[in-house]
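S.K.: Okay, here's what each chain looks like letter by letter:
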Amino acid sequence: DAKTTQPTSMDCAEGRAANLPCNHSTISGNEYVYWYRQIHSQGPQYIIHGLKNNETNEMASLIITEDRKSSTLILPHATLRDTAVYYCIVRPYMDTGRRALTFGSGTRLQVQP
Amino acid sequence: DVKVTQSSRYLVKRTGEKVFLECVQDMDHENMFWYRQDPGLGLRLIYFSYDVKMKEKGDIPEGYSVSREKKERFSLILESASTNQTSMYLCASWTAGGNTIYFGEGSWLTVV
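Sequences listed follow chains A and B, in order.
If you're matching positions, the first sequence starts at 55 in the numbering used here and goes up one per residue.
If you're matching positions, the second sequence starts at 326 in the numbering used here and goes up one per residue.
Any given hint could turn out to be false.
[To be verified] With a straight-line Cα cutoff of 35 Å, these simulated DSBU-like cross-link-like pairs (lysine-lysine) come out:
{"#": "1", "chain 1": "A", "residue 1": "K57", "chain 2": "B", "residue 2": "K343"}
{"#": "2", "chain 1": "B", "residue 1": "K395", "chain 2": "A", "residue 2": "K106"}
{"#": "3", "chain 1": "B", "residue 1": "K395", "chain 2": "A", "residue 2": "K123"}
{"#": "4", "chain 1": "B", "residue 1": "K395", "chain 2": "B", "residue 2": "K343"}
{"#": "5", "chain 1": "A", "residue 1": "K123", "chain 2": "B", "residue 2": "K343"}
{"#": "6", "chain 1": "B", "residue 1": "K396", "chain 2": "B", "residue 2": "K380"}
{"#": "7", "chain 1": "B", "residue 1": "K338", "chain 2": "B", "residue 2": "K378"}
{"#": "8", "chain 1": "B", "residue 1": "K395", "chain 2": "B", "residue 2": "K380"}
{"#": "9", "chain 1": "B", "residue 1": "K328", "chain 2": "B", "residue 2": "K378"}
{"#": "10", "chain 1": "A", "residue 1": "K106", "chain 2": "A", "residue 2": "K123"}
{"#": "11", "chain 1": "B", "residue 1": "K328", "chain 2": "B", "residue 2": "K395"}
{"#": "12", "chain 1": "B", "residue 1": "K343", "chain 2": "B", "residue 2": "K396"}
{"#": "13", "chain 1": "B", "residue 1": "K343", "chain 2": "B", "residue 2": "K378"}
{"#": "14", "chain 1": "B", "residue 1": "K382", "chain 2": "B", "residue 2": "K343"}
{"#": "15", "chain 1": "B", "residue 1": "K395", "chain 2": "B", "residue 2": "K382"}
{"#": "16", "chain 1": "B", "residue 1": "K396", "chain 2": "B", "residue 2": "K338"}
{"#": "17", "chain 1": "B", "residue 1": "K328", "chain 2": "A", "residue 2": "K57"}
{"#": "18", "chain 1": "A", "residue 1": "K123", "chain 2": "B", "residue 2": "K378"}
[Claimed, not checked] Far from chain A by the CB rule (all over 10 Å, computed), these chain B residues:
{"#": "19", "residue": "K338"}
{"#": "20", "residue": "L368"}
{"#": "21", "residue": "E387"}
{"#": "22", "residue": "S392"}
{"#": "23", "residue": "E394"}
{"#": "24", "residue": "S405"}
{"#": "25", "residue": "N409"}
{"#": "26", "residue": "T425"}
{"#": "27", "residue": "E430"}
{"#": "28", "residue": "T435"}
Simulated from the structure, these hints should not be mistaken for lab results.
From a predicted model like this one, the values you see are computed outputs, not experimental measurements.
Here a beta-carbon is modelled for each residue, glycine too, at the ideal position from N, C-alpha and C.
Between the sequences and the hints, there should be enough to build the whole structure, so can you do that?
M.R.: Okay, structure coming up:
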């Protein structure tokens, strides 16, 4: 899987948008960008994924740059429950999943009241 | 929504005990996985199963075995628990054609 780089930590005020960046400059053409988050003491939760177009679902939006070397996860109205570690992962779509997902250090997002 | 349920959230077991961790998924996924997560080591794959009664070793299978008698259930067995198996254990499932892997909430095992 291509290497990703994320800031170690970020703060965000409750109700404001949280923008979490991820650099993946070595991404290859068949690799998707996935975002997961892990709330303390729980299993990782899938958030969103994309290839090159921007994507939006009920949880978040994913903005991928045109050169695909970086992306931003946007939580439009952060709540205290969004406090978690957010992981950006790059891997081929439809991968069998038999390899372990490589979770790096991620970004620890603290939503402040 | 996909639901992956791990039967035990917190367990404390003694060294040498046999430990069963159960995982059930309700979306008819053929692929199921057991990982452990330790600080600084990330997720490591223990075993996975791609069909009933089928299993393959992951990266760290030593000291563990698995059982998949029914499609929805995948059990992780610690034959003789040791203190170095104290960890958080995560079950996950995935289906061919699906978007991604779904995780359970995790089982925190402490071996004393």
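S.K.: Each hint should be assessed against the structure and marked as holding or not.
M.R.: Quick rundown of the hints versus the structure:
1. With a CA separation close to 38 Å, the supplied pair K57(A) and K343(B) exceeds the 35 Å bound.
2. A hinted pair counts as satisfied when its Cα atoms are at most 35 Å apart, and K395(B) with K106(A) does not qualify at roughly 38 Å.
3. For the hint pairing K395(B) with K123(A), the CA-to-CA distance comes to about 42 Å; that exceeds 35 Å, so the pair is violated.
4. Our distance criterion of 35 Å between C-alpha atoms is met by K395(B) and K343(B), whose separation comes to about 21 Å.
5. For the hint pairing K123(A) with K343(B), the CA-to-CA distance comes to about 47 Å; that exceeds 35 Å, so the pair is violated.
6. Taken as a hint, the K396(B) and K380(B) pair is honoured in the structure, with Cα atoms around 12 Å apart against an allowance of 35 Å.
7. Proposed proximity of K338(B) and K378(B) is supported: the alpha carbons are some 27 Å apart, at most 35 Å.
8. For the given pair, K395(B) sits about 12 Å from K380(B) by alpha-carbon distance, which is consistent with the 35 Å threshold.
9. Of the supplied pair hints, the one linking K328(B) and K378(B) holds, its CA atoms being roughly 21 Å apart against a limit of 35 Å.
10. Taking the CA atoms of K106(A) and K123(A), the gap is about 10 Å. The hint holds against a cut of 35 Å.
11. Using a Cα cut-off of 35 Å, the hinted pair K328(B) and K395(B) holds, with the two alpha carbons roughly 16 Å apart.
12. Straight-line distance between C-alpha atoms of K343(B) and K396(B) comes to about 23 Å, which keeps the hinted pair within the 35 Å bound.
13. For the given pair, K343(B) sits about 21 Å from K378(B) by alpha-carbon distance, which is consistent with the 35 Å threshold.
14. Distance hint between K382(B) and K343(B) is fulfilled; the C-alpha atoms sit about 19 Å from each other, no more than 35 Å.
15. Between K395(B) and K382(B) the alpha-carbon distance is near 19 Å, which keeps this suggested pair within the 35 Å criterion.
16. Among the hinted pairs, K396(B) with K338(B) is consistent with the structure: their alpha-carbon atoms are about 28 Å apart, no more than 35 Å.
17. At most 35 Å may separate the alpha-carbon atoms for a hinted pair to count; K328(B) and K57(A) meet this at roughly 30 Å.
18. For the given pair, K123(A) sits about 42 Å from K378(B) by alpha-carbon distance, which is inconsistent with the 35 Å threshold.
19. Distance to chain A confirms K338(B) as a non-interface residue, since its nearest Cβ pair spans about 19 Å, more than 10 Å.
20. The non-interface label for L368(B) is inconsistent with chain A: the shortest C-beta to C-beta separation is roughly 5 Å, within 10 Å.
21. Distance to chain A confirms E387(B) as a non-interface residue, since its nearest Cβ pair spans about 16 Å, more than 10 Å.
22. No beta-carbon of chain A comes within 10 Å of the beta-carbon of S392(B); the shortest separation is about 18 Å.
23. Interface exclusion of E394(B) from chain A stands, the closest Cβ pair being 21 Å apart, more than 10 Å.
24. For S405(B), the condition that its CB be more than 10 Å from all CB atoms of chain A holds, with the nearest at approximately 24 Å.
25. Separation of N409(B) from chain A is adequate, the least Cβ-Cβ distance of about 19 Å exceeding the 10 Å criterion.
26. At roughly 5 Å from the closest C-beta of chain A, the C-beta of T425(B) falls inside 10 Å, breaking its exclusion from the interface.
27. A beta-carbon of chain A is positioned within 10 Å of the beta-carbon of E430(B); the least distance is around 5 Å.
28. With a least CB separation of 13 Å from chain A, T435(B) remains clear of the 10 Å interface cut-off, as annotated.
Checked against the numbered hints above, the structure breaks hints 1, 2, 3, 5, 18, 20, 26 and 27 and satisfies the rest.
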